[in-house]
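In case you want the letters, here they are:
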Amino acid sequence: MTMTGSALDRRKFPAPFENYELGDPFDEMFHSSGAPRQHYQEIYDFLLDLPAEELRLHKQAADQTFLHQGITFTVYGRDEGTERIIPHDLLPRIITAQEWGKVEAGLEQRIHALNLFLRDIYHEGRILADGVVPRDIIYSCKHFRREMRGVHVPKGNYLTVVGTDLIRLPDGEFVVLEDNLRVPSGVSYMLTSRQVLKRIFPKLYQACEVRPIDHYGQALLATLRNLSPEGRPEPTVVLLSPGVYNSAYFEHSFLARQMGIQLVEGRDLVVHDNIVYMRTTSGLRRVDVIYRRIDDDFIDPLSFRQDSILGVPGLFNAYRTGNVTLANAIGTGVADDKALYAYVPKIIKYYLGQDAILQNVETFLASDPTEQKHILANLDKFVVKAVGESGGYGMLIGPHSTKEQQEEFGRKIIEDPRNFIAQPTISLSTAPCFVEGGNIEPRHIDLRPYILYQGEKSVIVPGGLTRVALRKGSLVVNSSQGGGSKDTWVLN
Amino acid sequence: MFYSIRHVTRFQYSSPVSESVMEVRMRPRSELLQQCLKFELHVTPRARVQFYRDYLGNTVHYFDVPGHHNRLALIAEAVVEVEEPKDIPVAVPMAAWEAIDAIWASGELYEFQTPSHFAQPSAELDKLIQELGVDRRENPLTLLRRLNEKMYSAFEYAPKSTRVDSPIDEALVSRKGVCQDFSHIMIAIARSLRIPCRYVSGYVYPRSEQDGRSTTLATHSWVEAWIPGIGSNQQGLWVGFDPTSNCVCGDRHIRAAIGRDYADVPPTKGVFKGRATSELTVAVRVMPTNAPADDKEELVLVPASNSGSSPVADHHWEQMQQQQQQQ
Chain A
1 MTMTGSALDR RKFPAPFENY ELGDPFDEMF HSSGAPRQHY QEIYDFLLDL PAEELRLHKQ
61 AADQTFLHQG ITFTVYGRDE GTERIIPHDL LPRIITAQEW GKVEAGLEQR IHALNLFLRD
121 IYHEGRILAD GVVPRDIIYS CKHFRREMRG VHVPKGNYLT VVGTDLIRLP DGEFVVLEDN
181 LRVPSGVSYM LTSRQVLKRI FPKLYQACEV RPIDHYGQAL LATLRNLSPE GRPEPTVVLL
241 SPGVYNSAYF EHSFLARQMG IQLVEGRDLV VHDNIVYMRT TSGLRRVDVI YRRIDDDFID
301 PLSFRQDSIL GVPGLFNAYR TGNVTLANAI GTGVADDKAL YAYVPKIIKY YLGQDAILQN
361 VETFLASDPT EQKHILANLD KFVVKAVGES GGYGMLIGPH STKEQQEEFG RKIIEDPRNF
421 IAQPTISLST APCFVEGGNI EPRHIDLRPY ILYQGEKSVI VPGGLTRVAL RKGSLVVNSS
481 QGGGSKDTWV LN
Chain B
1 MFYSIRHVTR FQYSSPVSES VMEVRMRPRS ELLQQCLKFE LHVTPRARVQ FYRDYLGNTV
61 HYFDVPGHHN RLALIAEAVV EVEEPKDIPV AVPMAAWEAI DAIWASGELY EFQTPSHFAQ
121 PSAELDKLIQ ELGVDRRENP LTLLRRLNEK MYSAFEYAPK STRVDSPIDE ALVSRKGVCQ
181 DFSHIMIAIA RSLRIPCRYV SGYVYPRSEQ DGRSTTLATH SWVEAWIPGI GSNQQGLWVG
241 FDPTSNCVCG DRHIRAAIGR DYADVPPTKG VFKGRATSEL TVAVRVMPTN APADDKEELV
301 LVPASNSGSS PVADHHWEQM QQQQQQQ
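Protein chains in written order, with the numbering used here: chain A, 1 to 492; chain B, 1 to 327.
A hint or two may mislead.
As the list claims (entries may be wrong) - Derived lysine to aspartate or glutamate pairs resembling DMTMM-like cross-links, with alpha carbons at most 25 Å apart:
#: 1; chain 1: A; residue 1: Lys-142; chain 2: B; residue 2: Asp-54
#: 2; chain 1: A; residue 1: Lys-142; chain 2: B; residue 2: Glu-108
#: 3; chain 1: B; residue 1: Lys-273; chain 2: A; residue 2: Asp-273
#: 4; chain 1: B; residue 1: Lys-273; chain 2: A; residue 2: Asp-268
Hints are computed from structural coordinates only; laboratory data are not their basis.
Could you put together the complete structure from these sequences and hints?
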C-alpha cells in the first residue's frame, strides 16, 4: 500500500524531530502546517545541524550542573527518596517581544486590581456592599484573615511577590489559569535554568538576543527594602523559611544568597516589646522587613495556629503596630482562592474600570446549584480542583480519570460544594522537549511569570518559569507531581 | 450600677520557662449601657503591657516576658458602670422574622450566622433541637426566652465537667456543662434557626447565693442574639441571654469581649518556651461600688481548667514544616 496525501507528508519532520507529532493544541515551535515559527527558526536550524551525540552530551552536562548545585525539591506523600533533582528540559521555550508585551501589561493590570481588592475587603468592603463579589466567598474562605481587618499595611501593598500561572489556548492566546498570591515558589528554577543554559548554548543564546533575568534577586531586594517600616533607612531584611524539611528550602537559601540577606527560621527570631529581633552571634539585631515563606497559619502561634513551632510568637502584633513588614502581607490567600478566581475579571472592571487584558479560563463553581449539576454531569470532561489546594494536589482531570475517581470526586463535591470548581480540560500548548532516546518530542507546558508588585507599577522579569509535563500526553506540570522546568526566553 | 472587678490569674510552671508571650481580653467594653471607667493590668514579672483593638472592638492587652520565670501573675482591676436596659419588650411581632431574614441574607452579620469553631452543628445537636421543640412558630424574642429557659432546665450546671477545649457534643451527651457549654449550645441552636448570635465573655454579679452559678468560678459567658425593631430608634438590639442562670442580661452582666465563640475571646492566651506544664489558678471578685476598690484583700485562687498558655512542643516540628503549602 502506498501512502499518499499531503496530511502525512507535511507532518514528516527531519531528525531529531522524526517522532514529533502535531495535534490540536497550540505548538510553540511549529505552525500547524509543520513549518517552524519565525522566532524558533534560529534554534530549529541549530538543532538540525547538531549531531545527535552532541545533544546527548549537552543534556548530560546540564544534568550534572543541576546535581552539583543541589537544585532539588521535595515530593510529599511518598515513603522514599522525597528529595529530588528538579527534572529539567534542555530546550528553551521562546516568547516573542510582542506576545510578552501583552502578558506584561495584563499581569500588571491584574495584580494591581487584586491588591486594591485586598485593601478593600480588609477595610471598607465596598465591593462586597456593592454585591460584585458575594460575601460568602470571602468569609467562608479559609485564607481570609479576619485579624487583618483594619490593619494598615505599608504603602497599602498587600502583594509583593506574585506568581501567576498562564496557559495557551489552542488558538495561541495566553489566559490565566490561577494566581499565586501567598508564597509562590519556583523562581530559583527560573534563575538556575538560565545560568545552566547560558553555559550549554552560549552562541545560540547570544544569537537569539534574549532579554536578561539575572537582576531578579536585586529587584526583589529593592522591592523589599522599599517596604521598610516608616521608611527606616538601611532596613534589615531577612528571609523566613519553615526549615530544611520544606519542599522549597533550596529556593529559600538560594534567594537569601542572591540578595545577601540572612536566611532565618522562626526560632532565630524573637519579639520583645513589639519589636522583632534576630538572634545573632553578637546579640540581638532589629529586623525591619521579613520576606516570609511560611504560611499565615504557621507564622505566629499567638495569633494563628497555637501548635505552630515554625513561627514567631508575637510577630503579628509587631506587624499590626507597623514595627515590621511582612511580604507578602497576611491574608492575601483570600484573593487566590480558586472560587474567587471566577470573579477576577469583574474585580478588574470594578477597581480600574478596564476590561481584563488577560482572560480567565471558563470556570464553574460547585457552590452554585445550577453549575454544580453541570459539573456532576460532565465529570469525564472537566478538570475539577479543590479551591484551597495548590501544587496540583486534590485535582481530577476528567478525560484522564477512571469511573471510580469520578464517582469519588462527585461525592466530595456534593459533601463540600464550596471547596470545588471545575474548568473545561484545556490541552496546554506543546513545546519541543529532549526525551529519553535522543529524540525531540512535544510535551505540554505552562508559564509562571514572577511579578514584583510595587504599587501602580510592577517589575516583571521577562519570561518566568516554564513548567513542563515530562510524561507523554500528561497535562500536569506541577513539580510536586513530577513536572519539570524549562528555560524561558523572551526575545528582544 | 457601679462595680469594681478584681481578676487575678496565676500560672505556675513545673520548671522555669522563658519567652512567654500573652494576650489578655479582660477590659470591660465601653459602649451603649456600659462604660469602663478604669482599667489596670499588673503583670509579674514586670512587663511592658501594650494593647490594640481587635476587629470586633475588643481591647486586647499583650506583653512578653523574655527571661526565665517560674510564675506569671496577672492582676486586672476595673471599675465599670452598667445600666439596666429599659427597652426590651416581652415579645416582638411575628414580622420580626422578616427583618431577621433580611439581615441574614445581606450577610452584614455573617460572622455570627455561620457555624464557628465551638458552635458546630452535629447529630447530637439536632437531637436536642428536636427534643426542646424550638422552631419559628413563635416570634423571635419569645422563642429565645423559651430556648434560654429550656437550656437551663435541660442541662445540669457542673463545674469541671468539661474542659476548655471540649466540643459541645460532650455536654450534649452528658447533659452537664459549664457556662461555656451552655453558651455554645445555645449559639449553635440560634444560628440553626437563622438568628444571628454571638458569644460574650465577661463577669456577673449574682443576685443571691443561689443563682451564683458562675461567679464562684473565674469568668462568665453568655450569648447575645440580634433582635430587630427594638431599642430607642427601633434599629434593633443585641439582647443578652444567660442560659446558665436562666435570665435576660441586665445591669448585673459586665461584658469584657464579644466573639463568634470562646475561641475568639479567651481571657488569656499565650505561648512560652520550655518543657514545663503549667498550672492555672484564677480568682474573680465583683463588688458593687461607687469608686475604685482600695482594699487589697487577698482573693482565694481557684484552679481553673483553662490552661491558657501552651508550651511549644518539639515533636510537631517536621510534621508542620511539611504541612506548609508552597504554591
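Restraint status (C-alpha distance of Lys-142 of chain A to Glu-108 of chain B at most 25 Å): At roughly 19 Å apart (the allowed maximum being 25 Å), Glu-108 of chain B and Lys-142 of chain A satisfy the hint.
Hinted pair Lys-273 of chain B and Asp-273 of chain A, Cα distance within 25 Å: holds (17 Å)
Pair hint outcome, Lys-142 of chain A versus Asp-54 of chain B [Cα-Cα no greater than 25 Å]: holds (19 Å)
Given pair status - Asp-268 of chain A, Lys-273 of chain B, alpha carbons within 25 Å: Answer holds: Lys-273 of chain B to Asp-268 of chain A is near 13 Å, not above 25 Å.
This entry satisfies every hint, going by the numbered hints stated previously.
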